[in-house]
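Engineer: Listed below are the residues making up each chain.
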Amino acid sequence: MEWIQQLVNGVSLGSIYALIALGYTMVYGIIKLINFAHGDVFMLGAFIGFYAIARWDMHFIPALILAMILCAVIGVIIERVAYKRLRSATRIAALITAIGVSLLIEYTVIFFRGASPEAYPTVIENTKIEILGAQISVQAIIILVISLILMLLLQFIVHQTKIGKAMRAVSHDADAARLMGINVDNTISATFAIGSALAGAAGVIFGIYYTRIEPLMGVLPGLKAFVAAVLGGIGIIPGAMVGGLLLGVVETVVSALGYSLWRDAAAFVILILILILRPAGIFGKNAREKV
Amino acid sequence: MKKSKIFWGYMALALVIYAVVQVLINNGIVTFYYQNMLITMCINIMLAVSLHIILGITGQFSIGHAGFMAVGAYVSAICTMQLELPFVTGILLGAIVAALAGLLVGIPTLRLKGDYLAIATLGFAEIIRIIFLNIEYVGGAAGMQITHQTNWTYAFFGVVVTILIISNFTNSRHGRACISIREDEIAADAMGINTTYYKVVAFAIGSFFAGVAGAIYAHNFYIIQPTTFGFLKSFDILIFVVLGGLGSLSGSVLAAILLTIVTTYLQGFPETRMIIYSLVLILVMLYRPSGLLGTKEVTDLFKFGKRGGSKA
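Here the protein sequences come in this chain order: A and B. Just so we're aligned, residue 1 is where the first sequence starts under the numbering used here, counting upward by one. Just so we're aligned, residue 292 is where the second sequence starts under the numbering used here, counting upward by one.
Some clues are possibly wrong.
[Stated by the list, open to error] Only part of the chain B face toward chain A is listed, based on derived beta-carbon distances under 10 Å: (1) L329; (2) T563; (3) I573.
[Stated by the list, open to error] Covered stretches of chain B, as calculated for chain A (at least 3 residues, CB under 8 Å): (4) 361 to 373; (5) 447 to 459.
Rather than coming from a laboratory, the hints here were simulated on the basis of the structure. Ideal placement from N, C-alpha and C gives every residue a C-beta, glycine not left out.
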């Protein structure tokens with residue numbers, strides 16, 4: 001029965017990874033850039049949520065929505081200021097800029113409020129309910145439900161709306177999409193906005209679940225979410241969800257087996273294995289490189 | 292004939308610099324504070340040059356360089372502290388094990404390109420760090436105590452050897468093969484260059500000298516901890532190479548010297564330092580993506596300066 005509990009914990013953690021991974025995978029799909037700053041947008045989301053709940057006495061859901069909106073704005077600003085003019089630059093230049101933006105956000109936050117951690121207020125009573133003899137916390141279930149709703153919403157946006165169609169077109173072939181009259185710049189900004197909003201939501205959820213937030217909290221989950229995106233096949237939206245959930249479960253299992261100190265290594269071992277064995281990811285198709 | 296003259300000229304210059312600084316240290320004009328800064332500078336130059344051969348010459352984006360530095364640091368520390376071998380043996384063994392680690396990491400990952408390679412090297416560096424964190428023999432998270440054995444002589448000759456070998460490698464047939472990989476990997480492949488082989492060689496050489504730097508670093512700071520060798524350390528090394536110019540050895544050296552001085556004066560304000568560093572990185576990439584010197588060397592500037600410079 002303990003295993004069901006662990007599984008639920010793993011899935012809750014995994015759904016946070018999945019939410020972050022979605023942003024990575026969408027941005028990578030559309031401009032082929034690993035947005036290193038994505039993990040820091042996640043951190044900013046957690047802090048916005050914290051201030052909204054603890055200082056401005058907002059309820060959980062409005063705080064979540066506020067964090068999502070502000071993160072979307074931040075994501076678009078990052079894209080417009082830093083990444084836009086690098087579209088034709090080399091991959092290394094873009095990647096280095098992304099690392100720079102990431103560190104800039106982290107240390108600007110530390111500069112203004114210090115590096116000390118903050119304790120999230122309790123917004124959902126952490127009662128446990130018994131299902132099939134396993135103690136499952138209400139928090140875990142609510143997190144799961146919210147993540148599922150957001151993922152379904154994303155699926156709807158990507159597959160049923162006009163902007164979603166434009167996003168798919170640009171990620172397929174940006175030049176052809178431009179010829180078809182799609183405003184590529186706006187579409188890319190919209191992708192950043194949606195991805196960052198999801199990261200912001202993940203930040204608030206993370207804060208509620210783990211209760212401890214700090215300015216450098218985004219680094220490791222950000223990297224792991226990237227691993228999740230690669231695991232599922234980068235650029236593929238369902239892949240990011242599955243990859244995130246899988247990674248969360250694996251990490252929880254590694255901890256449960258008593259190797260909690262090795263937990264962080266697990267994600268990177270998975271990454272290297274997948275890169276060597278199946279670089280396209282679980283859902284990816286092997287693409288031949290054109291010269 | 293002419294080449295060897297230039298070579299001996301540089302060697303003489305290096306010896307003069309060494310002797311002058313050594314005399315100043317002996318006379319106490321260079322205080323302990325500045326001596327420490329000079330040694331840090333030497334370590335940073337070694338790190339910058341060792342990443343330069345991977346990133347600048349071969350064009351492989353590695354952001355896990357601190358991992359190899361950690362291997363060199365820990366292995367040399369084990370040699371001198373636990374096995375009680377002399378310091379030079381420690382440096383050599385540390386560097387060799389770091390090079391082996393580089394081979395181990397390089398062989399599977401260097402088939403990957405660009406972004407994937409970056410993430411894979413980052414992942415490996417994290418794994419290396421977590422391994423040291425979990426080994427009680429080297430102190431785990433608390434770190435390992437080391438006696439102070441580094442001095443100006445070790446640090447300076449480490450730099451000389453590093454620059455000598457890497458610049459000779461760059462100008463050799465093998466170095467040109469690496470440059471061709473940087474310029475266009477597919478074309479290099481088509482010309483019959485074994486791209487994977489050269490990438491792995493460059494990676495191993497880079498790791499070797501990162502190991503040397505790690506060994507000298509470890510014996511300069513009394514204690515090494517796994518947290519020292521995290522992502523931020525890799526980033527520090529990266530910025531030397533990027534700022535100096537991807538592909539310019541003298542550029543990396545200059546950037547390492549410059550940023551070490553900046554870092555020393557900003558020691559009390561780590562956040563400000565990181566904000567400046569990251570802003571510099573972003574601005575350089577946005578407005579001068581090839582770095583300050585591009586692929587040119589400082590010596591080229593003197594040679595062609597009057598003719599309006601050579602445009603690559």
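Engineer: Confirm or reject each hint.
Structural biologist: Each hint, compared with the structure:
1. L329: 27 Å, violated
2. T563: 7 Å, holds
3. I573: Nearest chain A Cβ about 4 Å off; hint holds.
4. 361 to 373: Since three or more residues must qualify, the claim that chain A covers the stretch 361 to 373 of chain B is violated, with 0 doing so at under 8 Å.
5. 447 to 459: With 0 residues closer than 8 Å to chain A, the stretch 447 to 459 of chain B misses the three-residue bar; violated.
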